[in-house]
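Engineer: Okay, here's what each chain looks like letter by letter:
2 protein chains.
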Amino acid sequence: MTRIAFLLVAVVTAAGVVAFMAPASGHADGEAAPIFVTKIPPGYRDWRLISVAHEEGSLNDIRAILGNDVAIKAYREEKLPFPDGTIIARLAWSYDPSEENDKIFGRRQSFVAGPPKNGVQFMVKDSRKYASTGGWGFAQFDDGKPADEAVLKTCFPCHAPIKSHDLVFTHYAP
Amino acid sequence: MTRIAFLLVAVVTAAGVVAFMAPASGHADGEAAPIFVTKIPPGYRDWRLISVAHEEGSLNDIRAILGNDVAIKAYREEKLPFPDGTIIARLAWSYDPSEENDKIFGRRQSFVAGPPKNGVQFMVKDSRKYASTGGWGFAQFDDGKPADEAVLKTCFPCHAPIKSHDLVFTHYAP
Numbered sequence: 001m002t003r004i005a006f007l008l009v010a011v012v013t014a015a016g017v018v019a020f021m022a023p024a025s026g027h028a029d030g031e032a033a034p035i036f037v038t039k040i041p042p043g044y045r046d047w048r049l050i051s052v053a054h055e056e057g058s059l060n061d062i063r064a065i066l067g068n069d070v071a072i073k074a075y076r077e078e079k080l081p082f083p084d085g086t087i088i089a090r091l092a093w094s095y096d097p098s099e100e101n102d103k104i105f106g107r108r109q110s111f112v113a114g115p116p117k118n119g120v121q122f123m124v125k126d127s128r129k130y131a132s133t134g135g136w137g138f139a140q141f142d143d144g145k146p147a148d149e150a151v152l153k154t155c156f157p158c159h160a161p162i163k164s165h166d167l168v169f170t171h172y173a174p
Numbered sequence: 001m002t003r004i005a006f007l008l009v010a011v012v013t014a015a016g017v018v019a020f021m022a023p024a025s026g027h028a029d030g031e032a033a034p035i036f037v038t039k040i041p042p043g044y045r046d047w048r049l050i051s052v053a054h055e056e057g058s059l060n061d062i063r064a065i066l067g068n069d070v071a072i073k074a075y076r077e078e079k080l081p082f083p084d085g086t087i088i089a090r091l092a093w094s095y096d097p098s099e100e101n102d103k104i105f106g107r108r109q110s111f112v113a114g115p116p117k118n119g120v121q122f123m124v125k126d127s128r129k130y131a132s133t134g135g136w137g138f139a140q141f142d143d144g145k146p147a148d149e150a151v152l153k154t155c156f157p158c159h160a161p162i163k164s165h166d167l168v169f170t171h172y173a174p
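Chains as they are written, first to last, in the numbering used here: chain A, 1 to 174; chain B, 1 to 174.
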């Protein structure tokens, strides 16, 4: 097994975010190894909404799942598997009770998005590039920096059971 | 007090939604009366995300707040009051535990958006047209149909206390 050298290139994206393009460790003998997405897709905060969710437990966040144009089109046409070029973004924020709102409602009722939490995650579909992980490249950025490979290695095993929905947990909210 | 006749016009919007333009009851003697928004702003499902929230109690929904371009610009520039032309949309869905997700996580953790719930609501800023309600026109559509005036009359009194944020509950989620 021969490791191919890492190529690290600092790139300033359209959003002014410094991202790092790092073609992940390849294997010259053709052995499949996970490749991770290490560049923040530019403009993702402007993408359209797929759905929302709340995760309890250690995550304890409220989240929005956004999609690029390819993703939104595929969702609306209920086209599976998602075509190459699909990118799905998962944003999350602290799950905070809103005292401001509750005071007006007269009861504890309202839970809103606080500061960003649990990083920003992406799934990028490229059936050839990411063949070893179901056609999906996974990414997580914490404060704009790519998460460690150890973290990213946990993505695919968790998503793999959702085979019936092409490894994507989120369904479209009409 | 002279009521001006209602003019009901069926309009097929760009999104193919049949909306009804109904200039609400006016008052020829100039007396201020709430005027409500009775036409669904076309294309709102494609607008960008402002934030997300969960409301407990009788609402029991998970929701996304979207904004048109004027709204998003004002939010990002932290410009208050919101300029005329701002439209804010509140979509909501049933707050449903996800058995599909929980099975994979191995615990009850995941709450997702089910079917649409509690209608779709809008706030439209036009400081002259809606002067009697803080410059905001309020709207709610249930299954595409405008809610009764009795329902819409409850909007302004509830929003009025948020004077410090120009009557808008939702803050921007970065």
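Check before you lean on any hint, since a few could be wrong.
Since the list gives no way to pick out one identical chain from another, each pair is judged satisfied if it fits inside one copy or across any two copies.
[As the list claims (entries may be wrong)] Calculated pairs, SDA-like style, for lysine to any residue (alpha carbon to alpha carbon, straight line, at most 25 Å):
| id | residue 1 | residue 2 |
| --- | --- | --- |
| 1 | 103 | 118 |
| 2 | 117 | 93 |
| 3 | 129 | 56 |
| 4 | 39 | 101 |
| 5 | 117 | 60 |
| 6 | 73 | 102 |
| 7 | 163 | 108 |
| 8 | 73 | 46 |
To be clear, the hints were calculated from the coordinates, so they are not data collected in a lab. Predicted model, so just to flag it, every value in this text is computed and none were measured.
Engineer: All hints are to be evaluated individually against the structure, with a verdict given for each.
Structural biologist: Evaluation of the provided hints:
1. In this assembly of identical chains, the alpha carbons of residue 103 and residue 118 lie at most 25 Å apart only when taken from different copies (21 Å versus 28 Å within one copy).
2. Taking the shortest Cα distances, residue 117 and residue 93 sit within 25 Å of each other both inside one copy (5 Å) and across copies (23 Å).
3. For the identical chains of this complex, residue 129 and residue 56 are neighbours neither inside a copy (33 Å) nor across copies (43 Å), given an alpha-carbon limit of 25 Å.
4. Neither within a single protomer nor between protomers do residue 39 and residue 101 lie at most 25 Å apart by alpha-carbon distance, with minima of 37 Å and 27 Å respectively.
5. Within a single copy, residue 117 and residue 60 get their C-alpha atoms as close as 9 Å, and across copies as close as 23 Å, so both meet the 25 Å cut-off.
6. Taking the shortest Cα distances, residue 73 and residue 102 never come within 25 Å of each other, neither inside one copy (38 Å) nor across copies (27 Å).
7. In the homo-oligomer, the alpha carbons of residue 163 and residue 108 lie at most 25 Å apart only across protomers (21 Å), although the nearest pairing inside one protomer, at 39 Å, exceeds that limit.
8. When the C-alpha separation of residue 73 and residue 46 is checked against a cutoff of 25 Å, the pair qualifies both within a copy, at 16 Å, and between copies, at 11 Å.
Violated hints for the displayed structure, listed by number in ascending order: 3, 4 and 6.
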